[in-house]
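K.L.:
So you can see what is in the structure, the chains are spelled out below.
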Amino acid sequence: MALQKLRDMLDKKEISAVELTETYLNRIKEKDTKINSYITVCNESAISEAKNAQKVIDSGNSTSFTGIPVSVKDNICTKGIKTTCASKMLEDFVPPYDATVAKKLKNNNAVILGKTNMDEFAMGGSSQTSYFGGVKNPFDTSRVPGGSSGGAAASVSADLCAAALGSDTGGSVRQPASFCGVTGLKPTYGTVSRWGLIAFASSLDQIGVVAKSAEDTGYILNGIYGYDENDATTSKKSTGDYNCLVGSNISNLKIGIPKEFFGDGLDDEVKKAVLNAAEYYKKLGCEIVEVSLPCLEYAVSAYYLISSAEAASNLSRFDGIKYGLRSGLGENFNDLIANSRREGFGNEVKRRIMLGNYALCSGYYDAYYKNATRIRTELKAEYAKIFEECDVILTPTAPTTAYKIGQQENDPVKMYLADIYTVTVNIAGLPAISTTCSYDTNGMPIGMSLIGKSFDEKTLIAVCDRFEKDFERKEAVL
Amino acid sequence: MFNLELTRHLANLSKIHFTDEELDKMTEDMTNIIELMDKVCEFDSSKTAYSLDAVNYNDLREDNPKDSYPTEKIISNAKNIKNNSFVVPKVV
Chain D
1 MALQKLRDML
11 DKKEISAVEL
21 TETYLNRIKE
31 KDTKINSYIT
41 VCNESAISEA
51 KNAQKVIDSG
61 NSTSFTGIPV
71 SVKDNICTKG
81 IKTTCASKML
91 EDFVPPYDAT
101 VAKKLKNNNA
111 VILGKTNMDE
121 FAMGGSSQTS
131 YFGGVKNPFD
141 TSRVPGGSSG
151 GAAASVSADL
161 CAAALGSDTG
171 GSVRQPASFC
181 GVTGLKPTYG
191 TVSRWGLIAF
201 ASSLDQIGVV
211 AKSAEDTGYI
221 LNGIYGYDEN
231 DATTSKKSTG
241 DYNCLVGSNI
251 SNLKIGIPKE
261 FFGDGLDDEV
271 KKAVLNAAEY
281 YKKLGCEIVE
291 VSLPCLEYAV
301 SAYYLISSAE
311 AASNLSRFDG
321 IKYGLRSGLG
331 ENFNDLIANS
341 RREGFGNEVK
351 RRIMLGNYAL
361 CSGYYDAYYK
371 NATRIRTELK
381 AEYAKIFEEC
391 DVILTPTAPT
401 TAYKIGQQEN
411 DPVKMYLADI
421 YTVTVNIAGL
431 PAISTTCSYD
441 TNGMPIGMSL
451 IGKSFDEKTL
461 IAVCDRFEKD
471 FERKEAVL
Chain R
1 MFNLELTRHL
11 ANLSKIHFTD
21 EELDKMTEDM
31 TNIIELMDKV
41 CEFDSSKTAY
51 SLDAVNYNDL
61 REDNPKDSYP
71 TEKIISNAKN
81 IKNNSFVVPK
91 VV
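First to last, the protein sequences are chains D and R.
78 is the number that the numbering used here gives to position 78 of the first sequence; each next residue is one higher, with no gaps.
1 is the number that the numbering used here gives to position 1 of the second sequence; each next residue is one higher, with no gaps.
Okay, chain R solo, but in the shape it has when bound:
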């Protein structure tokens, strides 16, 4: 059963802040969505093997070094840069 506590947990895993009001609305939406998703639990899985091989990686390239992008291009879309580095709030 989906509830507010689970929404908070998922919001934390998703790294998205919500207001209390938004959490209530998200809980309501997710309750309806999970009800639809419950359909997969009805599938008789005993005859089908679990597989993560949905995609073929059959043509992997040789691991040869190539030129990389210049630093100024890589940081050109960042909002807070200092000495060619990304600035983040103090961690320790």
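Pulled out of the complex, with its shape left as it was, chain D reads as follows:
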């Protein structure tokens, strides 16, 4: 159900905040054993928050979030609620503070239903590397939900929350949204505060929204965006009112189709579906133009070098001493740290830390890290050139639809290459939104992405919404 409709129902007292929350909690209890989308379900605190929300509604002072039940990815710190990053390292970590986004949800009396499952430390595209077991796709539980925000996307797709907060470092909101048949918005870097988001790659990380529609993502973004003095990378350019262009005429827009995104490696059904979406926009009157992003061929490597280099630094804080798993082995200081990290981190996290240190270490830094940053500069320039001509860019979200669990998660190179269509957006700091544009022969959702100019989420949401309003979306049946 659309968030605005939920809002109306709550304000008209057609349902109480407690009844709504109980409905979701009961559904989680009944259905989540099939998909494992939550690591922690906040049964008691959610009811308590719902009771408080109802008091606010009764007083006539409700805001957009009051009483709306949401899920929060388990790498976003929530005061007093376990925040694990899906890692053994943080299995029992209880943050003493709220992330800025969590604080915004609470200040506006949203109801946090629980913390969603993910790839460990947000490193992955399948949500199978979680210490707490892999997440399954609500459309077909033998398939992955995508990642790393697989729990967030699955929880929305299976109606186990009204909307979800995720994080997107290289596609981690958009790709699982694509796999689970829902909408995922990655805002412009600097739009949403990262304070309290457990850092993976600080120059790429951005908190995003998974919801049932583009309009719903705008609805949530309106409540979480904004400058934060605790995050010096947040911008004052974000203006809010993200749904203000929904329903407006988009026929004068120019949509770019980058030819490099439609070459080898793209599944035929996905290609056909995305090009059909381009035809849809053309029929509306939009001008479709072929554009080029020559640097795409370097994007995956540049992304993994930059993100892993930053991860190697960010994750050095996990030493087993101040918080997190502490090994019982190790007679000296260094052994204690190295054993704690050995026991606490999973294989993919270890690979990323090793790769990051490789990229940064003497003898390799110039060839790898420095070149990756040059590619970043070049990619930004190529996008800027496209946006001189185009209003938005249309691409596939992923080369394939959701694949079978166990099919490729154990092959890191294969997994990395699957990120090809999403990583450039993070490298360039741009906003992008993924929505379902068709279903493949197995009934799995096919995702398309719209990429926008910096801080122009409004246009993206409007263009995406227009497609969604004319598209018959299927619901996952669990």
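Honestly, the hints are just simulated from the structure, not real lab data.
There could be a bad hint or two in this list.
Claimed, not checked - Facing chain R, from chain D, some residues (calculated, C-beta under 7 Å):
(1) K51
(2) T233
(3) K237
(4) I257
(5) L305
(6) I321
(7) Y323
(8) F333
(9) L336
(10) I337
(11) R342
(12) A367
(13) A372
(14) Y403
(15) N410
(16) V413
Heads up, the beta-carbon is just placed ideally off N, CA and C, and yes, glycines get one too.
Got chain D; can you put chain R on it based on the hints?
P.N.:
Then chain R, alone, in the frame of chain D:
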């Protein structure tokens, strides 16, 4: 060329212990991963300036003192505490 010696060196930099068997597997994985990363070496870097300005820090806050968290909260997630201090193995 990636080899076992380089894996040991990186494991040391990363402060992660590995068994010999795990080091062999990591060497195999890293060999494949670095092969993929080698793509960036093909990029013609002569026309693009090296820059670390990927992120804008344009709105730095005033450096005003604020209340800090109480000690008991800061140490609440540590596994070994004595007299409000983190306990570590003897260093000297």
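K.L.:
Hint by hint, note whether the structure agrees.
P.N.:
Do the hints match the structure? See the list:
For the restraint placing K51 of chain D at the interface with chain R, the shortest Cβ-Cβ distance is roughly 26 Å, beyond the 7 Å limit, so the hint is violated. Because the beta carbon of T233 of chain D sits about 5 Å from the nearest beta carbon in chain R, less than 7 Å, this interface hint is met. Contact between K237 of chain D and chain R, as hinted, is not supported at the beta carbon level, the nearest pair being about 9 Å apart and thus beyond 7 Å. The beta carbon of I257 of chain D comes no nearer than 24 Å to any beta carbon in chain R, farther than 7 Å, and the hint placing it at the interface is violated.
Hint on L305 of chain D holds. Least Cβ distance to chain R is approximately 6 Å, under the 7 Å limit. Interface hint at I321 of chain D: satisfied, since its Cβ lies 5 Å from the closest Cβ of chain R, which is below the 7 Å cut-off. A hinted interface residue such as Y323 of chain D counts as satisfied when its beta carbon comes closer than 7 Å to some beta carbon of chain R; here the least separation is about 4 Å, so the hint holds. Because the closest C-beta pair between F333 of chain D and chain R is about 5 Å apart, less than 7 Å, the hint holds.
Given hint, L336 of chain D at the interface with chain R, holds; its Cβ is 6 Å from that chain's nearest Cβ, closer than 7 Å. Interface hint at I337 of chain D: satisfied, since its Cβ lies 5 Å from the closest Cβ of chain R, which is below the 7 Å cut-off. With its C-beta approaching chain R no nearer than about 4 Å, R342 of chain D sits inside the 7 Å limit, and its interface hint holds. With 7 Å as the threshold, the beta carbon of A367 of chain D comes within range of chain R, its nearest partner Cβ sitting at about 5 Å, so the hint holds.
Interface restraint check: A372 of chain D against chain R, minimum CB-CB distance 5 Å, threshold 7 Å, status holds. A distance limit of 7 Å between C-beta atoms decides the matter here; for Y403 of chain D the minimum to chain R is near 19 Å, and the interface restraint is violated. Of the supplied interface hints, the one on N410 of chain D is violated, with its beta-carbon coming no nearer than about 10 Å to a beta-carbon of chain R, more than 7 Å. A cut of 7 Å between beta carbons decides the hint on V413 of chain D: the least distance to chain R is about 5 Å, and the hint holds.
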